[in-house]
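For reference, the chains in residue letters:
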Amino acid sequence: MGRNETAHAPAEDVSGDTEEFDPIGTLTLIGIYFVILVLSWVYIYYIEFLGRDLIVVG
Amino acid sequence: MHIHAYEKLWLAASVLLILFLLGSVTYGAVGPGIAMVSDSEQAIDPGALDEDQRFSEPRVEQVGENEYAAYVVARQFRFQPDPIVVPEDSTVTFYVTSADVIHGFEIAGTNANTMVVPGEVSEITVETDDPAEYGLICNEYCGLAHHGMEGKVNVVSQSEFENRTNGGDGE
Amino acid sequence: MSEAIEAERTFVDKFPEEARVVRAALLGSFLALTLGAIFGIIQTLHRTGIFRGLISSTDYYTSLTAHGVFLALSFTTFFLVGLFTWAVVRSLDRPLIDIRITWTWYGLMAAGMTMTGVSILAGFVDSIDMSADVLFTFYAPLQAHPMFYAGLAVFIVGSWIAGADWFRTWLAWKREHPDERIPLQTFMVLTTMAMWYIASSAVAASVLIFLLPWSLGFIDQVNPTLTRTLFWFFGHPVVYFWLMPAYLLWYTVLPKVAGGRLFSDPLARVVFVLFLLLSTPVGIHHQYLDPGIAEGFKFISMTNTMFLLLPSLLTAFTVVASVEYGARQRGGSGLLGWLTDLPWRKPEFTGMMLAGLMFAAGGFSGMVNAGMNINYMIHNTIWVPGHFHLTVGTAVALTFMAATYWLWPQITNKPVYSRAIGLFQVVLWFIGMALMSNAMHAQGIMGVPRRTAEPEYSGFEYATMFGGFEELNIQIAIGGTLLFVSTVLFIGNLVLTMGNPKVSGLAETLPPALSGPDDAPRVLDNLGLWVGIAVTLVVLAYALPLAAIINRGGLLGPGVGTYPVWLASAFDVIANSAPPLLDAFGEVVEVIR
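Protein chains in written order, with my numbering: chain A, 1 to 58; chain B, 1 to 171; chain C, 1 to 593.
Possibly wrong hints are sitting among the right ones.
Unchecked claim - If we take Cβ atoms under 7 Å as the criterion, some of the chain C residues that face chain A in the derived model are: (1) M130; (2) F317; (3) Y325; (4) W338; (5) Y376.
Simulated from the structure, these hints should not be mistaken for lab results. Backbone N, C-alpha and C fix where the C-beta goes; we use that ideal spot for every residue, glycine too.
Using the sequences provided together with the hints, build the complete structure.
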């Protein structure tokens with residue numbers, strides 16, 4: 001049967017590929033995203049939010 | 001189940017990020033002492049606000065040394081009192097309820113923001129700083145003239161507060 | 001039949017009946033998109049003050065209700081049912097169990113949405129005493145015409161039958177394939193629908209037990225906090241009802257389009273199970289600033305919500321890795337150089353990639369929204385629409401449009417009229433949304449409210465922060481206009497595609513995953529287990545808050561009135577406000593004297 005993601009099981013075992021493929025580009029991109037997230041959060045929470053008037057304390 | 005090493009690394013980083021976010025919010029609650037609007041006040045009958053000692057006459061009054069209470073009613077399409085005048089450098093607790101539908105109470109540009117639900121009283125306490133004039137916005141859709149629903153919250157000097165309010169009554 | 005001929009047959013060749021349903025669903029979806037877009041451009045020009053001559057500010061709320069319901073409910077759900085029908089039938093490689101049941105649920109959904117839609121649009125016509133200016137969230141005690149609520153109930157029941165249709169088809173397949181793993185696309189459909197049954201139960205209960213009888217006059221009043229809470233019980237998971245079809249496309253179609261393969265089938269299953277478990281017990285994060293709900297319940301909701309970030313963060317990795325695999329297969333190399341070895345000319349590829357990129361930004365504003373006390377800063381400001389136009393408005397909507405360029409030929413045997421226009425359209429969407437949403441976030445931090453016809457006020461000025469209020473308004477208007485143009489191009493391209501003659505050779509197959517279903521622990525396929533845990537989590541998150549709310553205010557509310565948002569009553573309300581306003585004016589005059 002064809003190489004479709006259907007109910008018919010694929011003829012060959014493909015898990016061998018996973019060992020050879022290291023998504024280093026993905027890791028790099030997502031690492032950059034992580035840094036942006038952390039910096040943005042620190043700004044928005046600690047500087048912007050905690051820095052404004054009339055914080056609700058009770 | 002095989003998970004690639006890089007994805008395991010990302011999974012760990014994601015969990016740390018989540019804990020960092022939760023930790024930040026917890027710090028906000030513990031350090032600066034931010035409290036959430038909650039069920040601290042009793043439920044109320046919105047059809048009988050006239051009989052409620054607080055809301056029959058919406059006003060700002062002194063309740064302690066440097067402590068003030070602002071009793072505010074939101075209704076289609078205004079706030080009472082308007083403006084809400086409070087003194088500088090003091091602790092002000094807003095008690096806000098609705099006479100009709102759900103409204104919002106947002107002091108624009110600040111962190112004072114709460115839903116106003118008929119049948120409930122929202123209680124938020126803030127500390128005022130220097131004199132300033134803030135816009136008060138209804139930020140929850142409340143009907144066809146919702147965009148016109150605004151007020152003011154004015155933080156004034158102590159002397160101006162006393163002169164203006166004759167010992168404690170609001171507008 | 002030989003493999004070569006099998007590979008040549010498109011979905012419509014193999015399953016013509018089902019393809020007809022898929023087309024009908026997608027067309028219903030795009031009709032909703034068209035109407036929603038028209039209201040969108042009207043609103044963006046009105047609210048920003050660029051042009052207020054088309055509708056009055058009171059009619060703005062009619063437009064806003066239509067925009068929300070048609071886009072966030074009709075456009076999204078009709079696309080979902082079309083996509084899921086395709087996915088189930090394709091992955092199980094068999095027809096649906098009974099096509100008459102299929103057309104029945106489609107008919108119910110269409111009828112329900114028509115009822116609700118008519119009740120909303122009647123608000124534009126003064127002479128008809130019917131309207132539903134209650135917005136997408138329809139909070140009591142604002143009240144709509146009964147047909148608004150009845151239509152929603154019929155629509156939701158239709159979606160329930162759709163889910164049953166797919167479950168039954170899967171069960172029939174399972175009887176003939178007793179030891180096989182659930183094919184990934186069907187697994188995604190079933191977990192999404194299981195989540196939907198749990199999620200929609202509360203809003204269906206709210207509508208059928210409280211809001212509809214109340215609007216018909218059978219009961220006098222409802223409890224606003226209770227009905228609000230039941231709405232948000234549904235209102236958060238519905239966003240995953242929108243996202244999970246997009247994820248289905250990112251996991252199973254985008255790798256194909258990129259020339260790659262899905263990095264991990266097991267992880268995709270884990271992600272969908274996590275959504276089933278965590279989507280619903282989080283709704284109270286939309287009520288962080290509600291009185292009448294204890295802080296402890298809000299904290300629990302926050303914790304659940306923050307962990308709900310996990311499946312999306314995992315998706316980011318798996319999807320990008322799948323695309324990277326494709327790029328490297330095509331010869332891409334270097335740390336990031338492989339990004340150029342991708343089919344950026346294909347609108348289906350670029351559209352989905354841009355949607356994913358925009359979702360990354362939307363994820364950040366979502367993190368802010370999930371934070372309990374930081375909610376004080378942005379609740380009910382235009383930051384919130386800024387956020388959801390990135391997520392449902394782009395991650396979902398742009399993915400749906402992009403996927404259509406790939407899917408439509410499979411269900412019609414017609415090639416897309418112009419891939420160049422398709423590519424231009426998806427890029428234009430991204431640019432328009434970047435401008436509009438960015439300005440919305442900035443204005444939100446300034447305190448500019450959402451859901452208002454006129455965000456400028458007479459008594460004060462907004463502080464200038466990331467730009468001035470007026471400049472940001474112009475940015476919103478430009479962005480919104482680009483979005484409208486993009487929508488027109490999409491619909492136009494599709495209409496012209498429908499006029500194309502049929503051709504052969506368009507069939508596309510989906511490649512198997514790099515790490516396939518057999519690498520996934522069997523327990524992942526144990527839907528009963530996951531549903532059980534999901535229900536348990538929901539009960540834990542909601543039993544006490546709901547009990548507390550009912551205890552405080554009563555099942556039917558603490559003496560709250562009824563506020564029909566119908567024209568006649570609007571005039572009454574204005575008339576009733578006049579005496580107090582005159583009193584207040586009189587007092588001011590006194591003081592001045």
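Verification of the supplied hints:
no.	hint	verdict
1	M130	violated, 41 Å
2	F317	holds, 6 Å
3	Y325	holds, 6 Å
4	W338	holds, 6 Å
5	Y376	holds, 6 Å
The earlier numbered hint that this structure contradicts is number 1, and it is the only one.
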